[in-house]
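For the first sequence, this note's numbering assigns the number 1831 to the last residue and increments by one with no breaks.
Worth double-checking, as some hints may not be accurate.
[Stated by the list, open to error] Pair ranges (Cβ atoms, derived):
| no. | residue 1 | residue 2 | range |
| --- | --- | --- | --- |
| 1 | Asp-1540 | Val-1354 | 57 to 63 Å |
| 2 | Asp-1131 | Asp-1259 | 28 to 34 Å |
| 3 | Asp-1617 | Leu-1561 | 48 to 54 Å |
[Said to hold, decoys possible] Derived PhoX-like pairs (lysine-lysine); straight-line CA-CA distance at most 20 Å:
| no. | residue 1 | residue 2 |
| --- | --- | --- |
| 4 | Lys-1586 | Lys-1601 |
| 5 | Lys-1725 | Lys-1654 |
| 6 | Lys-1433 | Lys-1124 |
No wet-lab data here; the hints were simulated from the structure. Note that the structure is a prediction, hence the values are computed from the model and not measured. Think of the CB as a built atom: it goes at the ideal place given N, C-alpha and C, for glycine as much as any other residue.
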Amino acid sequence: MIKTAEYDFKAIEAHWQAFWAEHKTFHAEIDESKKKYWILDMFPYPSGAGLHVGHIEGYTATDILGRYKKAQGFNVLHPMGWDAFGLPAEQHAIATGLHPSINTKKNIDNFRQQMHRIGLGIDWEREINTTDPEYFRWTQWIFLQLFKHGLAYVDQKPVWWCPQLGTVLANEEVVDGKSERGNYPVERKPLRQWVLKITAYGDKLLKGIDSLDWPEATKRQQKQWIGRSEGGLVSFEVKPDITLEVFTTRPDTIFGVSFIAIAPEHGLIDSIVSVEQKHLVEDYRKQVAAKSDLERTDLAKNKTGVFTGSYAVHPFTGERIPIWISDYVLMHHGTGAVMGVPAHDERDFEFAQTYHLPIKQVITLSSNETLPAVGEGVLVNSGKFSGLATLDARKAILSELEHLKVGKTTVQYKLHDWLFSRQRYWGEPFPIVWVEEKDYQYLLACDHSPFKEFLPKTPIAYTENGKSLFAVPLTSKHLPLTLPEVSSYKPTMGSTTPLQNADSSWLNVKMNCSTGEILPADGFVEEGWIAGVRETNTMPQWAGSCWYYLRYLSPHFSNNFVDDKALHYWETPDMYIGGAEHAVLHLLYARFWHQFLFDLGLLPTSEPFKKLFHPGIILGPDGNKMSKSLGNVINPNSVIDEYGADALRLYEMFLGPLEASKPWSLQNVEGVYRFLKKVWREFVDLEGEIAKKMLGSCDSAEFQRLLHETILKVTEAIENLRFNTAISQLMICLNGIQKEPQISKNSAKVFLQLLAPFAPHIAEELWERLGEKASITEAAWPNFDASKCVRSQLKVVVQVNGKVRDEIYVSANAEPSEIIAAAKKASKVVAYLSKGTLVKEIYVPKKLVNFVVIL
RNA sequence: GCUUGAGUGGUGAAAUUGGCAAACACGCUAGACUUAGGAUCUAGUGCCGAAAGGUUUAAGGGUUCGAGUCCCUUCUCAAGCACCA
């Protein structure tokens, strides 16, 4: 207790924050006697800027929910951790030469301290950190499981390379073909990359979405991202030994094909282009290659293309169909070739118009429709398929094509495999060593080698300078594979990853196939040992966040990534709150890993996040997104200093609906601060003692009704995450308290309990001053008693022709006929009734009477 | 361009299944208490009108006894997707 008559929020808040920490108030253990409630926040990246107002919005929301559920008797788990790998720490390291872990630790300490200062009820015993080797050993372990099961492979993929900066950049760091930092040109450079086969889970990821209690927009976004489309592959013969395969979702339009278009990168171009067209084709391909992705995908531009000089044969009509090259066809979708049906596809239509290609209508048009007609209809000019409805025709034509062995029903996904490696220092090292083929063969021949623990059925290999290298996975005993010290965190011009700057004793190793021992290579490899080079890419930041929620369940468990006992009790989060910007990144990746671990039998559920909620973005006071360049970033620390943490929490929750994006406006902090001061004044007298007013033995009936209405409304509002309306109801209740000469101590307690999730510090303080020994967090949530809310007198509104004209007060148990009779006598209504003819009476129980009168 | 949301006072916003629009706050106006007020309290505050009253949820239309809420058209804003064959 703080001995003061003033609302000294600084002293009060510091006191109760220390109390909660000391008593481990929010520490959760498995307790089979209680129902569990696991609340998950998207854990933050601990940036140097510290906690921003958006973090506080989400974390306050989960804190309110957690404190409320605890009062409801749930065993609440509300953990927190740090998604601490990432680029800013690395850039800081490059600039200062200090190891990124130093700055990371500093930032984490700051974040933790700030969370402490806003009074979050977090179980700090379970804090995790993705950069902690004891954490990322399991990230590496899960990667090895993926590797073992054939879901991790290597591929040559183009990445953004900036010669001036000497580094590879992420897509987000490239703006209009220039580096975001320094504005230097960047180029596409193919590099060997690790890729996770997320497409193998395309169907499962898609199907699982329907079972999720997520915002519809987010579900839609994931579905769209996965982009499943059913259709068929159709082979067109070009030459006796060459066929061109196209993918189409509209096989029913096949009689309308008037050209075939293939992507400029298509592999068959060289073998089909005619001698006369060769020059034009080459020029076109060069032109396209020089275009940026932005220019190529600009929808506003006209379609361009060039004829190859070759023709394909229509599988049904035998017609010769010209083959064109055009950059509106994308190599990475389907087969990189499409059948052009101008009459029934907008893009093909545009292309055909530009190059004067025939437009053959093969589907009837609905009235007032013009070409291109992309809707459904009935087939015409389609040989024996004419007369079929398009939906039926799709099946019929595909099965005929299959019968002719020139087609196949198939499913395409927009989803691509996940590029999983980064040319960075500050990430999880891959637990992989590359060896030559003969050494790999040697390992395979070695019985019971520990290195076979994660060895895949099909070897993962790539070829460099004519030499094939094979991936050998480390064993679980070698984990964690920690980051080596490097002389520089910056990649040199010659190499592409900072880890290539590591000492040779880390980079070059020899492995004992039978014992599993790994030592620095010394140039001399004895019998039983094989030599190799470590993988020098690191994993992307998403890796650690793919499974972090599971680690909270048993953060110090060393035998497995999660303790089955804890998993059995806590299962998956009951509520996940975090930003919508992760709709298709983190939320998709994490589902992939979770489903994979589920398929291995390691998890009891197939989906990680049953219920998801996105808080809206808090904008700057000018209505723009907060950003350094606009200078509209709000520092929450100054608000805490001036008004206190309770005021900041209330303010952010009172700002508007949680899911809405809303501008910050400091003026309104005054409103909630006044509310808190008013609470204080009602409870504490001028001498600093508890106000006599709050210690009565009974309440007025009117106040009892208000109090129970408040219990109901606050409870429902919290359940529905509508904290702004909960707070307004608390304000109404306080205004009611203010008008009462005295209220019962019990009611005073109830009010504090309802306030406690929102403004926990002041609630604890006043609770203690009321004479309570235990923390308010131990008190059971107040019960709503509907009988306290019944009124003996009801107000009924009287309308004439839908307009309110009067109101009457009637006994709560009056009959409808009595009420209607009373309504007819209402002074303002009489005039209308006498002027016209009453044709209808409507009575809405306990609410209103409406008379329909013809005047 | 497509998809999905959303548009309510000077401001942030409330409003069960269609049933008193603007709760709760901010701001503003007047008053009280004060040496003082950026403290506190009281009253008022959508718009027009002196009042009676009329009128009001982006605009227009419709359904209904009754529409912020349902349907149609248009406009504006936001988010996502963006040649995915």
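- [ ] With respect to the beta-carbon atoms only, verify the hint that Asp-1617 and Leu-1561 lie 48 to 54 Å apart.
- [x] With Cβ atoms ~35 Å apart, the hint is violated.
TODO: Compare the distance between the alpha carbons of Lys-1725 and Lys-1654 with 20 Å, and conclude whether the hinted pair is satisfied.
DONE: 16 Å, holds
- [ ] Measure nothing beyond the straight line between the CA atoms of Lys-1433 and Lys-1124; if it is 20 Å or shorter, mark the hint as holding.
- [x] 7 Å, holds
Task: Whether the CB-CB distance between Asp-1131 and Asp-1259 falls inside 28 to 34 Å - done: Once the Cβ atoms are compared, 30 Å apart, the range 28 to 34 Å for Asp-1259 and Asp-1131 holds.
- [ ] State, for the Cβ atoms of Asp-1540 and Val-1354, whether the hinted interval 57 to 63 Å holds or is violated.
- [x] About 59 Å separates the Cβ atoms of Asp-1540 and Val-1354, which means 57 to 63 Å holds.
- [ ] Compare the distance between the alpha carbons of Lys-1586 and Lys-1601 with 20 Å, and conclude whether the hinted pair is satisfied.
- [x] 30 Å, violated
Checked against the numbered hints given earlier, this structure breaks hints 3, 4; the rest are met.
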